[in-house]
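Peer 1: The lines below spell out each chain.
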Amino acid sequence: MTAPLHETSAGEATATVDGAPDAPGTPDKSGSGGKAIEGRSPWKIAWTRLKRDKLALAGAFVVIFLILVAIFAPVIVGLLGHPPDEFHEDQIDPLFGTPIGSWGGINGDFLLGVEPVNGRDVFSRIVYGARISLLVAFLAAVFAVFLGTILGIIAGYFGGWIDAALSRVMDVMLAFPQLLFTIALVSVLPNELLGLDGSGVRIAALVLVIGFFGWPYVGRIVRGQTLSLRNREYVEAAQSLGAGRFYILRRELLPNLIAPITVYATLMIPTNILTEAALSFLGAGVKPPTASWGQMLSTAITTYESDPLFMVIPGLAIFITVLAFNLFGDGVRDALDPKGSR
Amino acid sequence: MLKSSQRRIAAGALLAAATMVVTTACGGGGDKDGGKDSAGAAGFNAGVNKVANASDKKGGELKFIGSQEADNWDPQRGYYGFVWDFARYYTRQLVTFKAAPGTASTELVPDLATDAGKVSADGLTYTFTLKDGITWEDGKPITSKDIKYGIERIWAQDVISGGPIYLQQVLDPKGEYKGPYKDTSADKLGLKAIETPDDKTIIFKLPVANGDFLQMLAMPAASPVRQDKDTKAQYGLKPFSSGPYKWQSYTPNKSIKLVRNDKWDAKTDTVRKALPDSISVTFTTNADDMDNRLVEGEYDLDLNATGVGAAARQKVLQQHKGNVDNPQTGFIRYAVFPQTVIPNIECRKAIIYAADSKSLQTARGGPQAGGDIAPNMLPPGIKGADPQADPYGKLAGTPDLAKAKDALKKCGKPNGFKTTIAVRNNKKIEIATAESLQQSLKAVGIDAQIDQFDGAQTSGIIGSPKVVKEKGYGIIIMGWGADFPTGQGFLQPLVDGRFILQSGNNNFAELNDKAINGLFDQALKETDPAKAGELYKQINTKVSEAAVYLPFTNEKNIIWRSSRLTNVYTADAYNGRYDYASLGVVK
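So the protein sequences, as listed, match chains V and P.
FYI, the numbering for the first sequence is 1 to 342, going by my numbering.
FYI, the numbering for the second sequence is 1001 to 1587, going by my numbering.
One chain only, chain P, in its complex shape:
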C-alpha cells in the first residue's frame, strides 16, 4: 500500500509540473500577439455616461450569458442587482428609473402611472393614477388592484421568502398585515395602508414620512401580480408578464428564453425600447470560460455584470479595449474599526493615516478593475456625495507617517499597538487588501494579525457585535452597495445607531451619534432630493470626523460589451450594469 500510493503521488506531482510548463508555453505565446480591437467595437468607455451605438432598429436575439443564476425571477423575491435590471423586461412599476446613461439614470420617471405621484404636504399620502392602455400578456388591463396585490406579496415571507422588504417596513412598521395568503378579506386586498378606490387610482398612506418612498416603488418588488396568475412559490418559474417580453421557456441553472409580448403597447412606455425580437440567457458554472466565450462573440454580455475575471482581464484590456466599459458600481470597499475594540479615536486616526491608499487600490485590482481611491463614505452618483472631501489626505495615495505617529502619541501608544484584521476567507482580493493594510501599519508599529473567517458566516461573525468584541476585531474589511441610490439607501444601515443589530449587523463600527441619527430623521422627511442630499453631505462629514471608516476605493468594474450591441450605456441606478431594457442587437 505504501509503495504504490507514494509512487502515485510522485507521478501526480510530475504530471502537475508538466501541465504547468505547458500552460506557461501557451500563456506566454498568446499574450504577445494581437493588440487590435474587434471589428465594430465602439471604443473604451463608449457606454459610460453616453450611449454607444445608438440605434432604434428592431429585431434579432439578444444573448446573455451568466455564471450566477438569479435568487428568484419572481419580482417580489429577487434581490440580486442583475435581477432588478432584467426584471424590467417582464414587469412594470408605477415609477421606474429613467432610460439615460450614468447618473441621469437615477432619476425616477412615471411608468404605469401618469405622473410621479401626488404627495400630500405632510409627505404621508401618495396618490397615483394609472395610464390607459396598459395590459397584461393576455390583453387584460393592469389595474390598481393588481399593483396592490403584487406589493402585498412582499408580506408573505413565510411562503415566498426573499426580496427587499422596505415597503413592508415603511407601510406596516408594526407588522399587522399577515400577507395575501393569510388574508381573510374576500378580495385578498386587506392591507390598510394601500387604497384602491377604483381600477385607475392607487393611494399609499404612510404612518411616517420617508423621502425615498418613490425609490422603493421603483423596485421590481412593487410590480403588479394578478391574483388568478399567482402560483405562489412557483411564480418565479414563469412570471406573468406586464412588460414588453414574456417568458417562453425556462430551465433553472440552464437557460431562459423571452419573446415579444405583443399585447405590450410601446405608446404607454417611455422607458423600455424593446428592440430585440427575443432575449436568451445561458448559464454556465465556469466564469473563466464565460469570459472567453464573450470575447469570441458567442454571447453579447454577462448577465451578472460582476466584471471580467482576473484571468482574462489583461487579455481583454490589451487586445479588446474597444469592447470594454469601466463604470462605477456604486460600491465602496472599505475597512471599518469597531469602537468597542478600538475606543480611542486617535488610535483609529493613526490607522487611517498610516494606510497606503495606492497599495490598497492595487490590491483591489488597480485603477480600472479596482476603482478610484475613495476619500469618504459616499460614492459619487449619490446626491450629497463630494468626491473631493478628503479629511485624511488619502487621495494623495501615500501614507502620512508623521501624522500617524502623532496620532499614536495622542492615543497614548507611541510605539503602536496590536489588533486584528477580520477578512472573509473566500474573497482573495479582500485578503490581498488585508495584507497591504497589515504591511503599511507595520511602519508605525501597529501589529495587525489577519484573521480569515468563513465568508458564508458573515452575519453571525462580524455581524454580531458580541463576537467582534470577543475576537478583538479592531479592523473589519468589507464592501457595501446601496439598494437604492440615495443617502438613506447607502449610509443609514452603516452609520445610524438605531440600525445596530445583534446579528446581521452592518453598522460594524457601532457608531451611535445622536447628531447623525437626528440628521437621518430630517433627511427622511425631506421629499426634495437636492435638499435631502445636503443633509446626507453633513452626515458624511460627521462620519469622517468619527474616524471609524477607512474607505479604499469607489469600486469600478470592467465589463464586456459585444460589438453587436446597440443602445448601450451603463446605469448608476443598476450598479453600473447596462440598462438592459434599452439594449438592441441590430445596427
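The shape of chain V in the complex, shown without the other chains:
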C-alpha cells in the first residue's frame, strides 16, 4: 500500500516540477519569461490548453450548472416543484406504498415523480440533495487541502524528525478505516453542538471527517514537491539574500505548489461526493428529513422492483455529478501538467 503510493506521488512531483512553474524548455530561469511567445504566464498557457479540451469544457459547464442549481435551489423548487419535505400521500397507492402514476409518478406536477410511501417530490429532493452533496464535497476538499498543504510543506521544507513524524502520521491516517470511524462518530454526536442543530451538526461532522481523512493525500504530494523545490537555485538565492524561512515558504515555494494543489483539489471533490453518498447510504449522513442523494438510494432499495425509477434518478444524479467533476479535473490536470501521462 505504502510503496506504490510513494512511487507515484514522487513521479507526479517531478513531472509537475518540470512543467508547471515555467514555460516548457526554460526549466531554470524562473520569472525571466519565455523567449518565443512573450508575456504569456503559465496560467495563461494552461487556460489555452483547457479551452481546447472539449470534454473538460463540457464537464465544466455541468459543474457550473450544478453549482447554480445548488445555490438557487429554493427558487428552482419554488417555480417547478413542491417543498422537499412535504408529504403527498394522495400520489401513493396505500396498499403497496408505491406511486399511483406510472414511471414513478412522473407527471407535469411532479417532474421526476414522487418518493414511495410518503409521496415527497423527487425533483425537489434531488435539487436540495445537490446542495448537501456539493457543500460537503467542497468544504471537505478545502479543509483537506488547507491541512494537507500546511503540514506537507512543513514536512518537506524542514525535513528531519518533523518530516519523519508527519510522514508516519500520514501513513497512519491512510490506513485508518474511515467509513467505520465515521459511522461510529456520527452515532455518538449530540443533537446540538456549538450552536448548530439537526443536520447542521451532521454536515459539520461530515466535512470535518471527510476532510480530515483526505489531507494526507494532499500532504504527501505537497511534501514530495517541496522536497524537490527546496534545493533549487532560486530558493538558495533567496536564502543567501537573508530571506526568512516563513518568507521562503510563502513567496518562493507556495506559488510553485499551486498547480498540483489545484489539480488535486478538483479531483478530490468527486471522491468526496461519493464518500458523502456512501455515508448517507449507510445512515451516517444528514438527518431525515433533509434530502441527500445517498439516502434516497438507500430508501429506494426496498422498492427497486416495483418503482425502479426512484433508484435510477438519484443514481444518475450522483453519476453525472461525479463524471462531470472528473472530466473537468482531468482537463485541469492536462492543462497544468502537459507532460503527465494520459
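Rather than coming from a laboratory, the hints here were simulated on the basis of the structure.
Nothing here was measured: the structure is a model prediction, and the numbers come from that model.
Ideal placement from N, C-alpha and C gives every residue a C-beta, glycine not left out.
One thing to keep in mind: the hints can contain errors.
SDA-like cross-link-like pairs, simulated, lysine to any residue; straight-line CA separation at most 25 angstroms [what the hints assert, rightly or not]:
#: 1; chain 1: P; residue 1: K1428; chain 2: V; residue 2: I100
#: 2; chain 1: P; residue 1: K1428; chain 2: V; residue 2: P83
#: 3; chain 1: P; residue 1: K1427; chain 2: V; residue 2: Y304
#: 4; chain 1: P; residue 1: K1358; chain 2: V; residue 2: D85
#: 5; chain 1: P; residue 1: K1315; chain 2: V; residue 2: I106
#: 6; chain 1: P; residue 1: K1466; chain 2: V; residue 2: S187
#: 7; chain 1: P; residue 1: K1427; chain 2: V; residue 2: G200
#: 8; chain 1: P; residue 1: K1178; chain 2: P; residue 2: D1158
Listed next, the stretches of chain V that the computed footprint assigns to chain P, with coverage defined by at least 3 CB atoms under 8 angstroms from CB atoms of chain P [said to hold, decoys possible]:
#: 9; region: 94 to 100
#: 10; region: 283 to 295
For chain V, the structure is supplied; the task is to place chain P on it using the hints.
Peer 2: Positioned in the frame of chain V, the structure of chain P alone reads:
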C-alpha cells in the same frame, strides 16, 4: 495513482447507472403481465380464522425455507416465535395451544396431561396427572420426573443461556435453586417448587399466585428432557424427541430434516396432526431470493413468517393473491413519550392529536402489510381488548389540529415546542414512521428532530431511563408483541411501574401509577381468563388516559401459503404464523 483511481470510480459509476437502467427495463416489463393466481391456490385470507384445504391425508415432505436460523432448537433455550411453533414437532408439554384457527388457538388444552390441571382454591397449587402411552422416541415412557428435569434446565442459565425465564421467576422468585447441573441431590431433582410423588403425577407449588401460570407451562421451555439424553449446551443440535417427529439431520445455518417418530402414539395427542412423512428446513441468507423461491413453488412456506419483503410484495399481491394470508401478528407498533422528558400531559396529548394516523399506517406498509390503525394499547385477540375504544379519535385517520392546538395552550406552549424522536437506525420502516410523525407535528409547531440510534444497542440506549433523559428523547418509536397472549404478557412490561429497569427497560414512558400496578396484582390472582380480561381492559383505559402512548397499527403480515399446503390456518397463539403442527402437503 490519482488518475487511475479516478477513472475507476468513473467507470464504476457508469456501470452502476447501466445496471440500474437494465433493472428498470426488467422491472417495468415484468409487472405488467400476469395477474392470475397459481393453480390450486385457496384464495386470499383462506387461512385466516378458518382452515384452508382441510385434509387428513398423510405423506409427502413439508418444505420450509427460512432466512433466520433459530436462536436455539433446544426447547429450554429458544426464544424466537417460530421456534416455539416449530418445537411442537419434537416436544410435548403438559398443556398446549388448541389446534384451531385465529383467536381460538389461544385456548389451552391438555397435551401430556389428562386435563388442564387441578388448581387449589388459593391458586397456589397445580396438580397434573400424565396420560398413559406417552413415550420418548426410543419407546420409554415420559415420566413426571422428565418434565421436572426439563423445567429445571431453565435455571441453568450459566450453561444453557437464553429462552424465557417466566417459570423461574414464578416458581423460585428468590433464586434459591441453582439449576440441575449444580444440583447436589442424587436424582438432580432438587427444585422444591415442583413435586413428583410418582411417575404419573406432577405438582407445582407457587409462592405467589399467577393467573397465567398455564400459559408459561405451554411454552416449549416447559417440555420434558430426559436426564440421560441431556447433552447440555449441545442439546439444541439434536433434541431427543417426545413429539411426532424426530431429528434425522441438522447442519446449522443450512438445513434440518425431521422424520416420523414411530413411537409417538396419535391416540395420546389431540393437537398434532402429523400429516407429512418428513419435514425439511432450508436456510438462505437472501430474503428476497427466498420470496422468489416460495413464489416459484420450490418451498412451501417461510419458517420465520416475518412477511413477504417489500421487494416482492407488490408482485405477490397482484399476481398471486390467492396464495396470501394477511393475519394479525399480535404486535402493536407505537410511539411512546417518556414522562421524564415531556412531563406535561397536555403536551403529550398535543402530539397524539396532531399525529396523522393514516400517514403513519402508510409508512408502516399500508393496511395489509402494515396493519389496521390501532386506537389503544391492547391488540385484538387478547382478552380485554376493545378495538373500538378510541379516546383520541385516531381511527378517523386524520389529525385533529384544533384539539392539538388546544392541548398546546393548556400545556403553556401555544406555539409548540422542540423535542427529539428516537428511532432504531436499522429499521427503515420505523424511520419512515418517524418522518411521518415529524411532518404532522410540524403543522402545530412541534419541532421534532429525528435521532437514529444503533438498533443493536436498544437495551442500553432507550432501555436506559438515564440515557433517555440525557438525550432528551421525548418520543421513542418501538413495537411490542407478547410472549403469551394475555394482558399480563402484553401490557405488564410496558406499563407496570415495578417493571422499570435501569437497563433493558421496556416501560419507556416510566409509567408508575399505583392504580395500574394494583390492578395488575388483582388480575394476576384471577384464574378465570374472562374476569382477568375485564381487569386488563380497565388497565388499558387508564394507560390511554395517561397519554403516554400513541399506537400506530395493530400489525399485520403478508405471508405466503403454497398451493400444496393442506390444513392451513394462522394461529394468534403463534403471532399469526401458521399452526405448524397441523400442516400437511397431500390433498
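Peer 1: So if I understand the rule, the pair passes when the alpha-carbon distance is 25 angstroms or less; does K1428 (chain P) with I100 (chain V) pass?
Peer 2: Satisfied, since the Cα-Cα distance of roughly 21 angstroms is no more than 25 angstroms.
Peer 1: Does G200 (chain V) lie within 25 angstroms of K1427 (chain P) when you go C-alpha to C-alpha?
Peer 2: Given that 25 angstroms is the threshold and the Cα spacing comes to 24 angstroms, the pair holds.
Peer 1: Mind checking, does the region 283 to 295 of chain V have 3 or more residues with a CB under 8 angstroms from chain P?
Peer 2: holds (count 4)
Peer 1: Taking a Cβ-to-Cβ distance below 8 angstroms as contact, does the region 94 to 100 of chain V have at least three residues touching chain P?
Peer 2: The restraint on the region 94 to 100 of chain V holds, since 5 of its residues have a Cβ under 8 angstroms from chain P and three suffice.
Peer 1: With the threshold set at 25 angstroms, check whether the alpha-carbon distance from K1178 (chain P) to D1158 (chain P) stays at or below it.
Peer 2: Given that 25 angstroms is the threshold and the Cα spacing comes to 10 angstroms, the pair holds.
Peer 1: Has the given pair, K1428 (chain P) with P83 (chain V), been kept, meaning a C-alpha gap of at most 25 angstroms?
Peer 2: 23 angstroms, holds
Peer 1: For the pair supplied as a hint, K1466 (chain P) and S187 (chain V), is the alpha-carbon distance within the 25 angstroms limit?
Peer 2: This hinted pair holds, its Cα atoms lying about 18 angstroms apart.
Peer 1: Holds or violated: are the alpha carbons of K1358 (chain P) and D85 (chain V) at most 25 angstroms from each other?
Peer 2: 17 angstroms, holds
Peer 1: Are the Cα atoms of K1315 (chain P) and I106 (chain V) separated by 25 angstroms or less?
Peer 2: 21 angstroms, holds
Peer 1: Do the alpha carbons of K1427 (chain P) and Y304 (chain V) lie within 25 angstroms of each other, as the hint requires?
Peer 2: The hint holds at about 17 angstroms.
Hint compliance for this structure: every hint is met.
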